[in-house]
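Enquirer: Each chain, letter by letter, is given below.
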Amino acid sequence: MEYIVEMLGIRKEFPGVLANDDVTVRLKKGEILALLGENGAGKSTLMSILFGLFHMDKGKIKVRGKEVTIHNPNDANDLGIGMVHQHFQLVQTFTVTENIIMGVEDGFVLDRKKAGKKIKELSVQYGLNINPDEKIEDISVGMQQRVEILKMLYRNAEVLIFDEPTAVLTPQEIHELMGIMKNLLKEGKSIILITHKLKEIKEIADRCTVIRRGKVIGTVEVEGTSTQQMADMMVGREVSFTVDKEDREAGDVVLEIDDLSVLNNRKTMGLKNFSLNVKRGEIMGIAGVEGNGQTELVEAITGLRKVESGSVRILGRDIAKDSIRKRNEAGIAHIPEDRQKFGLVMDYSLSENFALKSYYQKPYSKNGLLNQEVMDNHADKIIKDFDVRAGRGSKSPAYALSGGNQQKAILGREIDLDTDLLIAVQPTRGLDVGAIEYIHKRLVEQRDAGKAVLLVSLELDEILDLSDRIAVVNSGELIDLVVNNDDIDENDIGLMMAGVKRGEQQ
Amino acid sequence: MKKDYTGIVKSLGAVLLGLIAGAILMVAIGANPFKGFFFLFRGGIQSIERFGNVFAIATTLILTGLSVAFAFRTGLFNIGAAGQMLIGGLCATVVGLSFDSLPRIILLLFMFVAALLGGAIWGIIPGLLKARFNVHEVVATIMMNWIAYWVVYYTIGNYFTAGLETESATLPAVAQLRLPWLTKLLNGSYLNLGIVISVLAVIVIKFILDRTTLGYELKAVGFNRHAARYAGIKVNRSIIMSMMIAGGLAGLAGLTYYTGYSTNIQIGILPNQGFDGIAVALLGATSPWGVFFSASFFGLLHAGKGFMSANTGIPPQISDTIIAIIIYFTATSLFIEKLWKKFKAGRAEKKKISTGGDEQ
Numbered sequence: 001m002e003y004i005v006e007m008l009g010i011r012k013e014f015p016g017v018l019a020n021d022d023v024t025v026r027l028k029k030g031e032i033l034a035l036l037g038e039n040g041a042g043k044s045t046l047m048s049i050l051f052g053l054f055h056m057d058k059g060k061i062k063v064r065g066k067e068v069t070i071h072n073p074n075d076a077n078d079l080g081i082g083m084v085h086q087h088f089q090l091v092q093t094f095t096v097t098e099n100i101i102m103g104v105e106d107g108f109v110l111d112r113k114k115a116g117k118k119i120k121e122l123s124v125q126y127g128l129n130i131n132p133d134e135k136i137e138d139i140s141v142g143m144q145q146r147v148e149i150l151k152m153l154y155r156n157a158e159v160l161i162f163d164e165p166t167a168v169l170t171p172q173e174i175h176e177l178m179g180i181m182k183n184l185l186k187e188g189k190s191i192i193l194i195t196h197k198l199k200e201i202k203e204i205a206d207r208c209t210v211i212r213r214g215k216v217i218g219t220v221e222v223e224g225t226s227t228q229q230m231a232d233m234m235v236g237r238e239v240s241f242t243v244d245k246e247d248r249e250a251g252d253v254v255l256e257i258d259d260l261s262v263l264n265n266r267k268t269m270g271l272k273n274f275s276l277n278v279k280r281g282e283i284m285g286i287a288g289v290e291g292n293g294q295t296e297l298v299e300a301i302t303g304l305r306k307v308e309s310g311s312v313r314i315l316g317r318d319i320a321k322d323s324i325r326k327r328n329e330a331g332i333a334h335i336p337e338d339r340q341k342f343g344l345v346m347d348y349s350l351s352e353n354f355a356l357k358s359y360y361q362k363p364y365s366k367n368g369l370l371n372q373e374v375m376d377n378h379a380d381k382i383i384k385d386f387d388v389r390a391g392r393g394s395k396s397p398a399y400a401l402s403g404g405n406q407q408k409a410i411l412g413r414e415i416d417l418d419t420d421l422l423i424a425v426q427p428t429r430g431l432d433v434g435a436i437e438y439i440h441k442r443l444v445e446q447r448d449a450g451k452a453v454l455l456v457s458l459e460l461d462e463i464l465d466l467s468d469r470i471a472v473v474n475s476g477e478l479i480d481l482v483v484n485n486d487d488i489d490e491n492d493i494g495l496m497m498a499g500v501k502r503g504e505q506q
Numbered sequence: 507m508k509k510d511y512t513g514i515v516k517s518l519g520a521v522l523l524g525l526i527a528g529a530i531l532m533v534a535i536g537a538n539p540f541k542g543f544f545f546l547f548r549g550g551i552q553s554i555e556r557f558g559n560v561f562a563i564a565t566t567l568i569l570t571g572l573s574v575a576f577a578f579r580t581g582l583f584n585i586g587a588a589g590q591m592l593i594g595g596l597c598a599t600v601v602g603l604s605f606d607s608l609p610r611i612i613l614l615l616f617m618f619v620a621a622l623l624g625g626a627i628w629g630i631i632p633g634l635l636k637a638r639f640n641v642h643e644v645v646a647t648i649m650m651n652w653i654a655y656w657v658v659y660y661t662i663g664n665y666f667t668a669g670l671e672t673e674s675a676t677l678p679a680v681a682q683l684r685l686p687w688l689t690k691l692l693n694g695s696y697l698n699l700g701i702v703i704s705v706l707a708v709i710v711i712k713f714i715l716d717r718t719t720l721g722y723e724l725k726a727v728g729f730n731r732h733a734a735r736y737a738g739i740k741v742n743r744s745i746i747m748s749m750m751i752a753g754g755l756a757g758l759a760g761l762t763y764y765t766g767y768s769t770n771i772q773i774g775i776l777p778n779q780g781f782d783g784i785a786v787a788l789l790g791a792t793s794p795w796g797v798f799f800s801a802s803f804f805g806l807l808h809a810g811k812g813f814m815s816a817n818t819g820i821p822p823q824i825s826d827t828i829i830a831i832i833i834y835f836t837a838t839s840l841f842i843e844k845l846w847k848k849f850k851a852g853r854a855e856k857k858k859i860s861t862g863g864d865e866q
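In the order they appear, the protein sequences are chains Y and D.
In this text, residue positions in the first sequence follow my numbering: the first is 1, and each later residue adds one.
In this text, residue positions in the second sequence follow my numbering: the first is 507, and each later residue adds one.
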């Protein structure tokens with residue numbers, strides 16, 4: 001069998017971390033090879049080496065059987081290797097065409113027409129359905145990803161690397177992407193797919209190489225290997241997919257939202273006359289497609305966004321006009337959606353991050369003076385309780401942690417606040433199964449301890465797995481409130497998420 | 507725990523490269539660089555008087571450097587140290603000239619407070635504009651520089667001149683930071699009480715940044731204002747607070763310069779020290795003691811350049827050029843950082859240390 005790309009015995013060490021240890025990966029021509037591993041396992045490092053962003057310490061790379069050296073992405077381009085990054089590299093105010101030809105313009109005068117024509121042809125050939133003249137800021141995230149794909153095709157890439165391509169897509173867009181990938185194969189391309197979503201591997205990949213802690217655990221044919229087997233390989237132990245949760249009687253109301261209206265960023269009503277209760281000992285799941293008022297709801301509760309009208313009560317006290325700090329003190333813990341933007345100060349150590357909401361209180365400080373020792377001890381406790389893995393313990397800066405460990409750190413800090421209400425927004429986004437299992441367990445634990453948990457997630461599976469009750473939102477309105485039990489119909493919820501109320505359904 | 511020396515190495519590397527570039531310049535104009543540097547540094551340390559002057563010059567630079575560095579830690583770029591310094595100097599001079607019958611210690615204390623408040627107000631205004639109306643602090647502080655310039659022009663020019671119309675009356679000895687015994691001890695050096703103020707300021711600022719809840723809040727806002735806000739820190743208040751403290755520091759720089767290094771205030775001049783503070787802060791990697799050392803180094807170059815010129819015929823501007831090149835290398839220090847990391851990686855390889863971990 002002919003291999004188009006071979007990475008042989010790759011070793012890459014960062015200060016204190018062996019990211020790749022004697023890693024060998026081979027991509028056959030015309031196949032999809034999945035690269036599966038937990039966050040921080042070394043998948044992205046490996047692909048960055050292939051794409052010329054990092055330089056390996058040891059090892060060989062062969063392309064079409066010939067040994068090559070790749071110094072930078074231009075070398076990779078010349079070899080026909082292209083990469084779709086997780087975070088798109090596009091200029092928002094440029095058109096699709098302009099973005100695609102950027103860096104490979106012919107001559108001094110731009111010939112947009114000619115380029116546009118070629119892009120159109122490629123778009124038709126691969127079924128991408130792209131309008132070359134539209135501006136990036138006007139098209140959806142899924143379309144932007146296709147522009148990234150077109151960029152590679154325009155540069156005649158033969159090998160396409162996709163780095164977690166589905167993380168930013170809706171279920172519908174994911175389905176379409178799978179179709180595009182199949183088209184790419186049909187046209188003779190080869191694909192490396194970096195992911196930790198087993199479902200996708202099962203659906204589309206031919207073979208799967210599993211990496212754990214910088215080492216290759218094995219390569220398997222996807223057909224004939226169960227997702228359970230792959231998950232176990234990835235995590236290194238047996239993984240449970242289902243959440244253990246006993247029925248439990250809910251208690252008093254903790255959070256009481258009444259007739260709440262909030263503006264969104266476009267200054268229109270993002271949340272309209274919204275009312276909801278969350279009780280002790282229950283997980284209330286908010287189900288909905290992205291951008292249907294979830295962000296506005298959470299920010300209005302936590303104080304990051306102004307309330308236009310209505311009330312938010314915690315244990316009976318209206319906090320709708322209070323400062324963020326007062327609300328935190330009233331009993332809100334909040335795992336934010338964007339952990340790097342809101343959840344952590346990346347340049348602060350773990351010690352400092354764990355004190356982010358309590359630094360001004362005793363015993364963390366007294367008379368305006370910080371007590372470093374108390375902060376360190378507090379950090380050590382959370383690190384231990386929540387299995388946060390960090391090279392230098394409480395002194396590690398937050399940016400040095402992998403995504404999963406950053407999330408565990410935030411989870412630990414918020415649970416440690418021991419408040420009556422815990423708001424968790426997309427708590428497992430971008431995490432691997434091992435970390436997801438852990439975080440789900442801790443959330444259920446909080447519910448069992450008698451806390452009120454408000455869970456916002458775009459993953460319907462997560463909502464169904466964890467919630468006691470489910471509130472479905474669409475266009476900033478509460479469509480319905482359902483009790484999550486065995487005879488709940490997933491399709492009904494899906495329709496409600498699309499804005500169809502019960503009773504209107506056929 | 508191992509300390510991270512990257513900041514120090516970066517600064518020293520920039521200094522070294524700056525000196526090398528200076529040497530090349532000296533060669534280019536046909537001078538002997540070894541002789542040039544010999545006299546440049548000798549000019550700074552050959553006598554106790556000159557050595558005193560190194561720190562007399564550094565005194566003001568330490569305070570303006572601290573001002574810029576402190577604002578920077580909160581994510582703000584204070585270009586207004588010159589204006590804040592000018593207002594601080596004006597307030598101190600006005601107090602010194604108006605209340606010279608007070609006992610010295612009280613008068614000096616009064617001047618100190620006046621300079622601190624004057625600078626602080628000049629910092630608060632851009633802070634408020636930023637917090638309330640999102641006016642960029644770079645624009646606002648530059649404007650404030652010119653307002654300070656004309657306020658001094660008007661106030662001094664109309665009410666406090668004596669003899670020359672371009673400068674204020676000379677401060678009476680009782681209202682100067684100079685100490686006769688110190689001047690005598692250092693054979694007539696300009697070194698004065700100001701150095702005590704600036705070293706204390708370094709210690710206080712370091713303490714605020716490292717040990718207090720205030721410093722914790724300000725740094726959190728500087729690193730990530732979204733996370734700071736999420737945690738309940740009042741971001742706008744932090745911005746105003748930070749600019750106030752930065753302004754106060756620059757105001758004190760004005761006190762030390764106009765009532766210590768100099769003994770009156772001139773009109774029609776925006777002090778260079780305000781802008782040099784940006785360079786000092788950069789070279790000092792925005793750490794308080796880093797600022798102290800980089801200001802002292804700049805003081806050394808400034809104090810020695812005349813001596814070098816007199817003895818070798820190398821123009822004193824070479825010394826200014828070296829400073830400029832050092833700033834350039836500090837600002838573009840990625841290169842030095844890379845070299846340092848390679849060097850460290852090479853050593854680690856030799857030691858055959860290889861550890862696994864979960865970080866990435």
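One or more of the hints may lead you astray.
[Stated by the list, open to error] Straight-line alpha carbon distances no greater than 25 Å define the calculated SDA-like cross-link-like pairs of lysine to any residue that follow:
#1 Y:K395 with D:K844
#2 Y:K326 with D:H732
#3 Y:K326 with D:T719
#4 D:K844 with Y:P73
#5 Y:K279 with Y:E256
Hints in this document: simulated from the structure, not taken from any laboratory.
Enquirer: A separate judgement is required for each hint: does it hold in the structure or not?
Expert: Okay, the hints, checked on the actual structure:
no.: 1; hint: Y:K395 with D:K844; in the structure: 24 Å, holds
no.: 2; hint: Y:K326 with D:H732; in the structure: 17 Å, holds
no.: 3; hint: Y:K326 with D:T719; in the structure: 18 Å, holds
no.: 4; hint: D:K844 with Y:P73; in the structure: 19 Å, holds
no.: 5; hint: Y:K279 with Y:E256; in the structure: 9 Å, holds
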